[in-house]
Amino acid sequence: MIDIQMIAVVVLIALGISAAVLKRNMIKVVMGIGVMGSGVNLFLVSMGYVEGGVAPIFTNTPNLTMVLATPQALTLTSIVISLAVTALMLSFSVMIYSKYGSIDTRKRRLKE
Amino acid sequence: MIDAWLEFCSQNAPALVIAIPLIAAFATPLFSRISEKVRNIWVVLSLLATFRVTATLLHNVLDNGQVVYTLGASVPSLTAPDGFPFRIILQADAMSAFMAIISVSMALIVCIYSFRFMGKKSGLDKYFALLLVMTAGMIGLVTTGDLFSMFVFLELLSVASAAMIAYYSKGESAEAAFKYMVVSSIGALMILFAAGMLYGQYNLLNIAGLAGVIEFTLIDKMALVLLFSAFALKCGAVPLHMWVSDAYGEAPAPVSAFLVVASQAGLYALFRISFTLFGGLPGIATMGWAMIIFGLLSMFVGVTMAIPQKDIKRLMAYHAVSQTGYMLLGVGVGLAVINDMGSLALFGKSAMEGGIFHVINHAMYKGLLFLTAGAIIYRTGTKNLNEMSGLAHTMPLTTIFFIVGALSIAGLPPFNGFASKLMIYESVFLFNPLFAVIAMVVSILTLASFVKVFHSAFMGPKVSKSAKGGEVPLSMWFVMGILAVLIIFFGIFPDVMLDNLVTPAVDALLNQAGYIGGVI
Amino acid sequence: MTGMIFTPAGYWNPIVWVAVVIIASVIVFMLRSTGRKTFKNGAQQIPFYSGNEAPRGHIKASNMYWGFFESLEKYYIWLRKMHTGIINDYVYFLVIVIVILMAALALGGLL
Numbered sequence: 001m002i003d004i005q006m007i008a009v010v011v012l013i014a015l016g017i018s019a020a021v022l023k024r025n026m027i028k029v030v031m032g033i034g035v036m037g038s039g040v041n042l043f044l045v046s047m048g049y050v051e052g053g054v055a056p057i058f059t060n061t062p063n064l065t066m067v068l069a070t071p072q073a074l075t076l077t078s079i080v081i082s083l084a085v086t087a088l089m090l091s092f093s094v095m096i097y098s099k100y101g102s103i104d105t106r107k108r109r110l111k112e
Numbered sequence: 001m002i003d004a005w006l007e008f009c010s011q012n013a014p015a016l017v018i019a020i021p022l023i024a025a026f027a028t029p030l031f032s033r034i035s036e037k038v039r040n041i042w043v044v045l046s047l048l049a050t051f052r053v054t055a056t057l058l059h060n061v062l063d064n065g066q067v068v069y070t071l072g073a074s075v076p077s078l079t080a081p082d083g084f085p086f087r088i089i090l091q092a093d094a095m096s097a098f099m100a101i102i103s104v105s106m107a108l109i110v111c112i113y114s115f116r117f118m119g120k121k122s123g124l125d126k127y128f129a130l131l132l133v134m135t136a137g138m139i140g141l142v143t144t145g146d147l148f149s150m151f152v153f154l155e156l157l158s159v160a161s162a163a164m165i166a167y168y169s170k171g172e173s174a175e176a177a178f179k180y181m182v183v184s185s186i187g188a189l190m191i192l193f194a195a196g197m198l199y200g201q202y203n204l205l206n207i208a209g210l211a212g213v214i215e216f217t218l219i220d221k222m223a224l225v226l227l228f229s230a231f232a233l234k235c236g237a238v239p240l241h242m243w244v245s246d247a248y249g250e251a252p253a254p255v256s257a258f259l260v261v262a263s264q265a266g267l268y269a270l271f272r273i274s275f276t277l278f279g280g281l282p283g284i285a286t287m288g289w290a291m292i293i294f295g296l297l298s299m300f301v302g303v304t305m306a307i308p309q310k311d312i313k314r315l316m317a318y319h320a321v322s323q324t325g326y327m328l329l330g331v332g333v334g335l336a337v338i339n340d341m342g343s344l345a346l347f348g349k350s351a352m353e354g355g356i357f358h359v360i361n362h363a364m365y366k367g368l369l370f371l372t373a374g375a376i377i378y379r380t381g382t383k384n385l386n387e388m389s390g391l392a393h394t395m396p397l398t399t400i401f402f403i404v405g406a407l408s409i410a411g412l413p414p415f416n417g418f419a420s421k422l423m424i425y426e427s428v429f430l431f432n433p434l435f436a437v438i439a440m441v442v443s444i445l446t447l448a449s450f451v452k453v454f455h456s457a458f459m460g461p462k463v464s465k466s467a468k469g470g471e472v473p474l475s476m477w478f479v480m481g482i483l484a485v486l487i488i489f490f491g492i493f494p495d496v497m498l499d500n501l502v503t504p505a506v507d508a509l510l511n512q513a514g515y516i517g518g519v520i
Numbered sequence: 001m002t003g004m005i006f007t008p009a010g011y012w013n014p015i016v017w018v019a020v021v022i023i024a025s026v027i028v029f030m031l032r033s034t035g036r037k038t039f040k041n042g043a044q045q046i047p048f049y050s051g052n053e054a055p056r057g058h059i060k061a062s063n064m065y066w067g068f069f070e071s072l073e074k075y076y077i078w079l080r081k082m083h084t085g086i087i088n089d090y091v092y093f094l095v096i097v098i099v100i101l102m103a104a105l106a107l108g109g110l111l
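Residue numbers (this note's numbering), protein chains in the order written: chain Z, 1 to 112; chain U, 1 to 520; chain P, 1 to 111.
Excised from the complex, chain Z in its bound form (with noise of 0.2 Å):
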């Protein structure tokens, strides 16, 4: 029983690893990071999903069935960490932009 979220999880998953390892340019690897956290965070979601669930509020749905309401916190956090996360990333290529003159991956002064 393979759902359609779990494959978005691992093609998300997949080209966000692949553009970490496979592009050469800073920006685009800060892009691979972010698709990748989008997937995890829809794993972590769909985890808790139950089928025609409502969101969880207690006040407004007190009886309908409600999806479970932890992988709904936890991705929260996970999202405002990942932006906390994403915009260091950015302003650490925009320095070294400022720096090197360049954001190619390759063109690094720190080796062996």
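Just so you know, these hints were derived from the structure itself, not from any lab. Incorrect hints may have been included.
Unchecked claim - Pair ranges (Cβ atoms, derived):
#1 P/Ile59 <-> U/Ser35: 36 to 42 Å
#2 P/Leu79 <-> U/Val75: 52 to 58 Å
#3 U/Leu45 <-> P/Ile100: 34 to 40 Å
#4 Z/Ser91 <-> P/Pro55: 19 to 25 Å
#5 U/Ser35 <-> Z/Lys111: 41 to 47 Å
#6 Z/Ile27 <-> P/Arg80: 26 to 32 Å
#7 U/Val44 <-> P/Val21: 34 to 40 Å
#8 U/Ala49 <-> P/Val95: 41 to 47 Å
#9 U/Asn500 <-> P/Trp17: 44 to 50 Å
#10 P/Ser62 <-> U/Ser10: 52 to 58 Å
#11 Z/Ser91 <-> P/Val21: 33 to 39 Å
#12 U/Leu71 <-> P/Asn63: 56 to 62 Å
#13 U/Phe489 <-> P/Ser50: 34 to 40 Å
#14 P/Phe29 <-> U/Leu45: 45 to 51 Å
Said to hold, decoys possible - In the DSSO-like style, the derived pairs of lysine-lysine whose C-alpha atoms are separated by at most 27 Å in a straight line are:
#15 U/Lys349 <-> U/Lys383
#16 Z/Lys23 <-> U/Lys126
#17 U/Lys121 <-> U/Lys349
#18 U/Lys120 <-> Z/Lys99
#19 U/Lys383 <-> Z/Lys107
#20 Z/Lys28 <-> P/Lys81
#21 U/Lys462 <-> Z/Lys99
#22 U/Lys170 <-> Z/Lys111
#23 P/Lys37 <-> U/Lys310
#24 U/Lys310 <-> Z/Lys107
#25 Z/Lys99 <-> U/Lys126
#26 U/Lys170 <-> U/Lys349
#27 Z/Lys111 <-> U/Lys310
#28 P/Lys81 <-> U/Lys462
#29 Z/Lys28 <-> U/Lys383
#30 Z/Lys23 <-> P/Lys60
#31 U/Lys170 <-> P/Lys74
#32 P/Lys60 <-> U/Lys383
#33 P/Lys81 <-> Z/Lys107
#34 Z/Lys107 <-> U/Lys120
#35 P/Lys81 <-> Z/Lys111
#36 U/Lys170 <-> Z/Lys99
#37 U/Lys120 <-> Z/Lys28
#38 U/Lys383 <-> U/Lys120
#39 Z/Lys107 <-> P/Lys74
Ideal placement from N, C-alpha and C gives every residue a C-beta, glycine not left out.
For this one, chain Z is given, so just place chains U and P on it according to the hints.
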């Protein structure tokens, strides 16, 4: 009044050790608006308070066994109201408290060192705020009992560390920080993915709760591999060590000393996952072998990469990789024989004791070595070993501290590095003699590369560039002196550390049932 | 506070070690003090290499252990090739390690 206050601190110690540095961090920019002195006093006081509460926690844990603290419950000990731990639980056993006390002590030392080392540079309010955030992240990572909070604290630690690495705003430091951030965020996403895999099957995120019900399906094994490799990345095991040399090499020297402890928090998480969460897995010995191979590769590749380095901090960074290998080797031998009670009692447990003992020794001598490198950079303004010469003429105290650190890392008696390395050699010898031989060869190569640093930086004629200025300021050599005295003290009395802290930590790591029983 | 730690093969006591070192150095100094006091300043102070005066000056860090690197040249070429410093390779190594560990655990589980 005071008694009631101390009682409150003692009862809520697991929450306070995370809360105090975190609150203090965000108050630091406010205090630095008043004046620099007020800010410095505030940072030191908050770290001292954290130290005091951590010491209380350690004392409680050593006296009464592990401390469990449920966040948001009416009674902190109410972990599983319906037999199901759904709240975030902080769980500190002897191993966690051991790691927490290392983090706080090093934070205090690094903080005092930084006052004069950073001098009048701009943005220091953020520097000290980030230092406190790093402390909070480390303590959170080692005291949490929850896989998701582990991810959160790891990201907190990574983000703060990356910003610290890029402090000098040079191209190289931005590059190092970028690499560090990319690998750690990919590692953290792996951890989150693994947590999701486990949550999807068991509806649990609590480590103790998961360890109680886990059935070792194929998906669980995949989760183990993801967690294992992500934490191996965080502790800098070869071949996932490349970020270490960049990050340690480019960060300000006190930050490098603190990053050593940050990597060890990753090491703690690796041990916690392998021993507690997956300790009952039938094939866990395979992971023990993986840990041993990581350890051997780290030791050898780390030290052979260190010898040709010209940058003093990059050289020391590769040594940090190499020494992490000893810890992985010692604890890995314990994990490889965990299901064989005879071997575990004969040599497995003492190999683990050696590995865990090496953690605290490494924090001390590697911290000292990075601080002496900082002292050299403070006076000469260069990291390049080729441009240094004759520093022993002008910096006698730094020279002595460097010798103490170098002899300790090379594992010479009577310094503390020898005590832990001896335990690793002798117990690993019973497991496989070849591994012990490799460990000894690595020690010799370590000594060789520190002889190179000593010769090129401290010996020889004075060069005009390095002759300026004498010894480093008092607050800098004072904390280096504290570390040097501790190294010699625990070298001559290794039993003090071993009996009081290390053996309880190893027992806690091996006592999987006790960790589970604390929650359910 | 005895300093004694026990290992699988025996024990280690640093206090005894320190005591032995102190006693040994006292003996060395006693032996040394019995030596002749005919040392002269001047020619006897100059270090020399095989009859020639030793070159004065400081050996730079990059010039040290030349023979070591020369004999391990192939290993170092391989090592330098591994440490490219490119971030894509760092991620690539992580992927390889995950694949190898998965294979190892799958095989270890079957055995």
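Evaluation of the provided hints:
Judged by the Cβ atoms, the range 36 to 42 Å given for P/Ile59 and U/Ser35 is violated: they are separated by roughly 48 Å. The hinted window of 52 to 58 Å between P/Leu79 and U/Val75 holds, with their beta carbons roughly 57 Å apart. For U/Leu45 and P/Ile100, the hinted distance range of 34 to 40 Å is not satisfied, since their beta carbons lie about 48 Å from each other. Taking 19 to 25 Å as the suggested C-beta distance range, the pair Z/Ser91 and P/Pro55 does not conform, at roughly 51 Å.
Taken as a hint, the range 41 to 47 Å holds for the pair U/Ser35 and Z/Lys111, whose Cβ atoms sit roughly 43 Å apart. Between Z/Ile27 and P/Arg80 the beta carbon distance is about 28 Å. The supplied range of 26 to 32 Å therefore holds. A hinted range of 34 to 40 Å for the beta carbons of U/Val44 and P/Val21 is consistent with their spacing of about 39 Å. Separated by about 43 Å at the C-beta atoms, U/Ala49 and P/Val95 satisfy the suggested range of 41 to 47 Å.
Take U/Asn500 and P/Trp17: their Cβ atoms lie about 22 Å apart, and the range 44 to 50 Å is violated. The beta-carbon spacing between P/Ser62 and U/Ser10, approximately 56 Å, falls within the hinted interval of 52 to 58 Å. Between Z/Ser91 and P/Val21 the beta carbon distance is about 55 Å. The supplied range of 33 to 39 Å is therefore violated. For U/Leu71 and P/Asn63, the Cβ-Cβ distance of about 58 Å falls inside the hinted range of 56 to 62 Å, so the restraint holds.
In this structure, U/Phe489 and P/Ser50 break the distance hint of 34 to 40 Å, their C-beta atoms being roughly 46 Å apart. Under the hint 45 to 51 Å, the C-beta atoms of P/Phe29 and U/Leu45, about 50 Å apart, fit the expected range. For the proposed pair U/Lys349 and U/Lys383, the alpha carbon gap of about 41 Å is over 27 Å, so the pair is violated. Pair hint Z/Lys23 plus U/Lys126 does not hold up; C-alpha atoms about 33 Å apart against a cutoff of 27 Å.
Restraint check for U/Lys121 and U/Lys349: the C-alpha separation of about 48 Å exceeds 27 Å, so the hint is violated. Distance restraint check for U/Lys120 and Z/Lys99: the Cα-Cα separation of roughly 24 Å lies within the 27 Å cut-off, and the hinted pair is therefore satisfied. A distance of roughly 22 Å separates the Cα atoms of U/Lys383 and Z/Lys107; the hinted pair therefore holds under the 27 Å criterion. Distance restraint check for Z/Lys28 and P/Lys81: the Cα-Cα separation of roughly 25 Å lies within the 27 Å cut-off, and the hinted pair is therefore satisfied.
At roughly 34 Å between alpha-carbon atoms, U/Lys462 and Z/Lys99 are farther apart than 27 Å, so this suggested pair is violated. For the given pair, U/Lys170 sits about 16 Å from Z/Lys111 by alpha-carbon distance, which is consistent with the 27 Å threshold. Between the alpha carbons of P/Lys37 and U/Lys310 the distance comes to roughly 44 Å, so the proposed pair goes past 27 Å and is violated. Among the hinted pairs, U/Lys310 with Z/Lys107 is consistent with the structure: their alpha-carbon atoms are about 21 Å apart, no more than 27 Å.
Distance hint between Z/Lys99 and U/Lys126 is fulfilled; the C-alpha atoms sit about 22 Å from each other, no more than 27 Å. Simply put, U/Lys170 and U/Lys349 have alpha-carbon atoms about 46 Å apart, too far for the 27 Å limit, and the pair is violated. Proximity of Z/Lys111 to U/Lys310 is assessed by CA-CA distance (about 12 Å); at most 27 Å being required, the pair is judged to hold. Pair hint P/Lys81 plus U/Lys462 does not hold up; C-alpha atoms about 37 Å apart against a cutoff of 27 Å.
For the hint linking Z/Lys28 to U/Lys383, the alpha-carbon distance of about 33 Å lies beyond 27 Å, and the restraint is violated. Restraint check for Z/Lys23 and P/Lys60: the C-alpha separation of about 40 Å exceeds 27 Å, so the hint is violated. Straight-line distance between C-alpha atoms of U/Lys170 and P/Lys74 comes to about 34 Å, which puts the hinted pair past the 27 Å bound. At most 27 Å may separate the alpha-carbon atoms for a hinted pair to count; P/Lys60 and U/Lys383 meet this at roughly 14 Å.
This hinted pair checks out: P/Lys81 and Z/Lys107 have alpha carbons roughly 16 Å apart, not beyond 27 Å. A threshold of 27 Å between alpha carbons decides the hint, and for Z/Lys107 with U/Lys120 the separation of about 33 Å lies outside it, so the pair is violated. The straight-line distance between the Cα atoms of P/Lys81 and Z/Lys111 is roughly 10 Å, inside the 27 Å bound, and the hint therefore holds. Taking the CA atoms of U/Lys170 and Z/Lys99, the gap is near 7 Å; set against the 27 Å cutoff, the hint holds.
For the suggested pair U/Lys120 and Z/Lys28, the alpha carbons sit about 37 Å apart, so the restraint of at most 27 Å is broken. Proposed proximity of U/Lys383 and U/Lys120 is supported: the alpha carbons are some 20 Å apart, at most 27 Å. Restraint check for Z/Lys107 and P/Lys74: the C-alpha separation of about 26 Å stays at or below 27 Å, so the hint holds.
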